[in-house]
Amino acid sequence: MPTKKYTLRKRRHHKIRAKISGTAERPRLVVFRSLNSIYAQLIDDTTGTTIANASDVKAKKGTKTEKATTVGTELAKAASAKKVTTVVFDRNGYKFHGRVKALAEAAREGGLKI
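All residue numbers for the sequence shown refer to numbering that gives the first Met the number 0, where the first residue is 0 and numbers rise by one.
Since the hints were derived computationally from the structure, they do not count as laboratory data.
Certain hints may be false.
What the hints assert, rightly or not - Heads up, simulated DSS-like pairs for lysine-lysine below, C-alpha to C-alpha not over 30 angstroms straight-line:
{"hint": "1", "residue 1": "Lys94", "residue 2": "Lys63"}
{"hint": "2", "residue 1": "Lys76", "residue 2": "Lys59"}
{"hint": "3", "residue 1": "Lys81", "residue 2": "Lys112"}
{"hint": "4", "residue 1": "Lys60", "residue 2": "Lys100"}
Produce the entire structure from the sequences given, and follow the hints as far as they go.
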């Protein structure tokens, strides 16, 4: 049985997804936050393919926020290698605070326009 917190987040995510979608020129930057790790990927919703991804699974040291910052910079580098400059940010129902905000700001500093 899903928790109330999970169902409310999924409800917020469905509301967000009804309004935004990614294209090849402007893909969707999706953030998934687990208890220990954070994952991000660029998705082209017209073809349903992942353009680039990054996670902090291999990162060993640092706080969760520092790891999120490294994931944001890694994703920005991978996006620039694929010649992607602008993205649509999908916070996946999470608050724009803490790790999610750190990832977004690091991606901006890495050269992505959100």
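Is the hinted pair Lys81 and Lys112 satisfied, with a Cα-Cα distance of at most 30 angstroms? Holds: Lys81 and Lys112 sit about 15 angstroms apart, inside 30 angstroms.
Does the alpha-carbon distance linking Lys60 and Lys100 stay inside the 30 angstroms limit? Roughly 20 angstroms between the alpha carbons, so the hint for Lys60 and Lys100 holds.
Are the Cα atoms of Lys94 and Lys63 separated by 30 angstroms or less? 16 angstroms, holds
Starting from Lys76, check that the Cα of Lys59 is at most 30 angstroms away, please. Distance ~20 angstroms between Lys76 and Lys59 Cα, so the pair holds.
Violated hints are absent here; each numbered hint is respected by the structure.
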